[in-house]
Amino acid sequence: MTMIDSERLKPYLAARDSARAAWRLTVASLSKTQPQALEEGFKAVKIAERAYFRCCEDLCDVVRSEMDRVEEVAALEAGHRDGGQDDL
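Residue numbering for the sequence shown follows our numbering, beginning at 22 and increasing consecutively.
Be aware that one or more of the hints could be misleading.
[What the hints assert, rightly or not] Only pairs whose alpha carbons sit at most 30 Å apart, straight line, appear in this in silico DSS-like list of lysine-lysine:
#1 Lys64 <-> Lys53
#2 Lys31 <-> Lys53
#3 Lys67 <-> Lys31
It is worth saying that the hints were derived from the structure and are not from the lab.
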């Protein structure tokens, strides 16, 4: 079994955590907003939400590419093992 490179995931996980914290902070501050400023607050929440979802999408893309890389390596290793047996 080949493992994915977790070092590649760390910056994306950190970005996701940061975006999630920003989203939570924005939602929390919305509850303290004056009623006349709520529309701007809702816009800020939407922007923070989009940033969070984008970070999650980026993380998924990296995980997918790592999985593809691992599958390629595993296929090559299997091919070498099969090819090596033919030479015996």
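Outcome of the hint check:
1. Lys64 <-> Lys53: 15 Å, holds
2. Lys31 <-> Lys53: 34 Å, violated
3. Lys67 <-> Lys31: 25 Å, holds
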